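Add chain Y to chain Z, keeping to what the hints say.
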Amino acid sequence: MDMIGIAIKITILAAYAIIGTCTGLLFMGVGRKIVARVHNRVGPPFYQNFIDVAKLLSKKTNISHGWIFDLALLFSISGILLTLLFLPIGGVQLLSMDGDAFLVLYLLAIPSLGFALGAGASGNPNAGVGVMRALVMMLSYELPFVITLIALMIYYDTTSLATIVRMQSINGIKSWAITMPPFMIAAFAADMALQGMLMEQPFDIPVAPHEIASGPMVEFGGKYLGSLMLYKAIALVAETTLFVDLFLGGGVVAHGNFAFIINFIVWLALIFLLFVLSILIAASFPRFRIEQAFGFYWKYEAIIAAISLIWVYIMVIK
Amino acid sequence: MLDIIFAELVVAAIITFFVREKLAAIIAFFISLLPLLALLDWASNYGFNLINLGIENHMKIYLAGVTLHLAITPLSWFFALMILPLFPVIMLYSYSFFKENDGFFALMLLSLLATFGILLSRDMLSLFLFWEMMSWSSFLLVYRSKDKNAIMSYLIFSVFAAFAILFGIIILWHENSSLLLSDILNISGKLGFVAIASIITGFAVKAVIMPLHAWAPFVYSKCDEPFVAFLSGGLSKLGYYGIFLFLFSLKGVDILQNYMTNVSWNYLLAVFGALSAFFATLIAILQDDLRKLLAYSSIGQLGYIAIGFGIGTPLAITGALFQAFNHAFFKAVLFLAAGIVAYRTGKWKISELGGLAYKMPFTFMATLFAIFALAAIPITSGFASKWLLYEAAIQQKYVFIAPIMLIAGVGAFLYSFRILYGVFLGENRHDSVEEAPKSMIAALFILVLPLIIFVVFPGYMLDLMKPALEAAGIESIAHTKFAIETSLAKYNSIAVLITLMVAMIPALVIYKARKHRVTSFEDNYLAGEPYELHKPAMHAANNYYKPLKKVLLPYLEPGATYYFEKIYNGIKCVSNAVRRIYTGYVQDYAIYVVLFLLFVMGWLIWI
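Taken in sequence, the protein lines are chains Z and Y. By our numbering, the letter at position 161 of the first sequence is numbered 161, and the numbering carries on one by one without gaps. Just remember that our numbering sits 1000 ahead of the position in the second sequence, which is counted from 1.
The shape of chain Z in the complex, shown without the other chains:
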């Protein structure tokens, strides 16, 4: 590849990284507004999260607990940007030809691990408890999620997200995975897993706002908390995009010269819908205890996901 090609590619990647960050922050603000309306409150303005992040990042007093604590900041932002760029967004492949869904699953672990390291290094026992809950939650929701993932993979006979998106976009909406009965079941299980992934109620016990003084971010403040907010915003976009890529054809509806604009808008609408769905679920359900969440995912959700997997397996074998 020549130098201009590389420069163009880097520009595109940087543009998507910035778009992802802004979208995430915007969604979080809108989400707060929606929750407020469900609770019959007025709520903060939709741009509140931009203000919050700007304020936190420009704070003059920042408390660190040593270099391992700083890893949280470095790994959380770089890791989640890396993950975002390995996903096809609205049909644009970005780097998704150089990796696949398994890579994305493991890349998603980099920011979480950095975050967990920082929380552990802070020495606050509440942070340790919070990380434990987050990890157990991760073990819980990953089981139904990987089962549905494998159902998709054996159906399309690929593990590459770019290929899965391409095969679902052949006939527009009609070829989306979610239109097939087994994948409707799978999508339900995966959406519940997404709820845990986004750490929204009823699965928000790791952070447990308004309840206890624990949670992994208890010692984070200033630029550290600001970077974690950015992480959460990008993670929101990355995780919903993963779902859209898997079940909703990556939002690809049009083909042609300027189709990418339409596809981009469809993708944005789809991840927004998914986010609103998860926010509405979060606003209406109380939170699970950690062992209840584990039981929920490993018993009911796993069985639902397994039904879809067996169904797909029978379809493929025939």
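Hints are computed from structural coordinates only; laboratory data are not their basis. Be aware that one or more of the hints could be misleading.
Derived pair list, reagent style DSSO-like, types lysine-lysine, alpha-carbon separation capped at 30 Å [what the hints assert, rightly or not]:
(1) Z/Lys60 x Y/Lys1512
(2) Y/Lys1515 x Z/Lys55
(3) Z/Lys299 x Y/Lys1397
(4) Y/Lys1515 x Z/Lys59
Derived, one-sided and incomplete: chain Z residues facing chain Y with beta-carbon distance under 8 Å [said to hold, decoys possible]:
(5) Ile6
(6) Ser78
(7) Pro202
Please read all numbers here as calculations on a predicted model, not as lab measurements. Just so you know, even glycine gets a beta-carbon here, dropped at the ideal spot from N, CA and C.
For chain Y alone, kept in the frame of chain Z given last:
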């Protein structure tokens, strides 16, 4: 050249038994470099693809009327590359680890000799002889632990493994009338099946595949750490070497398939591997003893290799060999680091440790990197191997194994973080602890090196194993220097690494934009109040995964150990009954003699 190496190893073993500990370590270190030099010599003589090694390369040892055939093959070259580097590193580490020389170095050198012999043997007899030599030298190393459970379980399982292997070899010899590993096995039907299955079972004991793993948690958690690093890193790979040799190099897999065509025996191996990966991971999460945690994590990670051999496609075998290579190094680092922690603090329980990271930054960094490899984070080579195995499972549409593998991979995060948080982060309880001695740190970082090299160049690893695979008739998969390509997807390691580095830039900008102040965590959490006033609980490491334990423990309690205990109790009952015969009265023995004579006479008359 081989005879010189063998002779030197024996002499060095005898010398190191008598000299002082530091001198013994130095001698052992330099002597254990010899087999590695031999490897390099072969590589320079034959090139790295070792393909044209033939029968003329044999070295023969005449021993008590039998001939032992020894030669290097591509397969043994690859396994030697994985196992032999552990020895000098362990010697380097042990230089400061042992207070007195009580035979550790001599026994380790004997183990090295036996390992080298196993890898070089080209007939089943010498394979078995060296295997037994290795079993006994490692048994004596286990014996040093003075722990009854460890000694007895290792002895019983080793003897069982030896009998199983011997049984299979005798059948093969009887049917084939040749012990040479270069001959193709000319055996089929039930007999062939029994022979191959029993040999695989024998090797599976050392390869710690569940349910034959019961010895490992005892032995791994009670012996000296440098030895355990070899046991988990090296010895287990010898088990997989044996399985690979008989399944793929000697085409044992065809014998198994031809016996009952509608049953996939390979699949059974993969299922056992998957079960070990899954259950060992769940058990490891709930451990509080650092060594037990690492032991179960070993069983889990080795399970992946069994899955790869079980699936048996080129992709899966490549992944399994890659995983074996990675595991040899990262698990050795973890066990050696655990040894350092115990060396400095004298504690094994994770709930009693904590906050060592700032005291031992280098140990922490090496451990962190090894844990990245264990958890398959894509910034180490640990990811490529797991990725190949996942791809293989999806390619074959193994819908039972694939989710289990993936969820075991997620479980690995949980116990990894238990090590990181419980031992190295959180409250600092050891004010006077220092960083480990330099030789130990050097040992750790030498072992971390391959994990870094092969994440940048995963293709080189596939090049290294290519001759071994070709010799067994397995095609190698498409790859370039940086990328691996399968029929399902592509993994480009350099894209991940470069993007991570570039993505680090915004993070660094945010990090550098504002200054920060480092405070001790007591200031923040206790708001400056003196710690001695209340002595609050500061380290949430006791019973860490309590909610998970509550849910999982009822399901994990009746494990494999339960059935082994049943067998043990049964044998004890029978033995007790048999013992009653020996009453101690001469009259009774006289009656036995008379009864026996009557029986013989009656039998003769009846004929």
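Outcome of the hint check:
1. Annotation: proposed proximity of Z/Lys60 to Y/Lys1512 holds, straight-line Cα distance about 12 Å (limit 30 Å).
2. Only pairs whose Cα atoms come within 30 Å are accepted, and Y/Lys1515 paired with Z/Lys55 is accepted, the gap being roughly 15 Å.
3. Of the pairs offered as hints, the one joining Z/Lys299 and Y/Lys1397 holds, with about 23 Å between alpha carbons and a cut-off of 30 Å not exceeded.
4. Using a Cα cut-off of 30 Å, the hinted pair Y/Lys1515 and Z/Lys59 holds, with the two alpha carbons roughly 9 Å apart.
5. Proximity of Z/Ile6 to chain Y is violated relative to the hint, the smallest CB-CB distance being about 11 Å (cut-off 8 Å).
6. Interface restraint check for Z/Ser78: the shortest CB-CB distance to chain Y comes to about 4 Å, inside 8 Å, so the restraint holds.
7. Using the Cβ-Cβ criterion of 8 Å, the hint placing Z/Pro202 at the interface with chain Y is not satisfied: the shortest such distance is roughly 15 Å.
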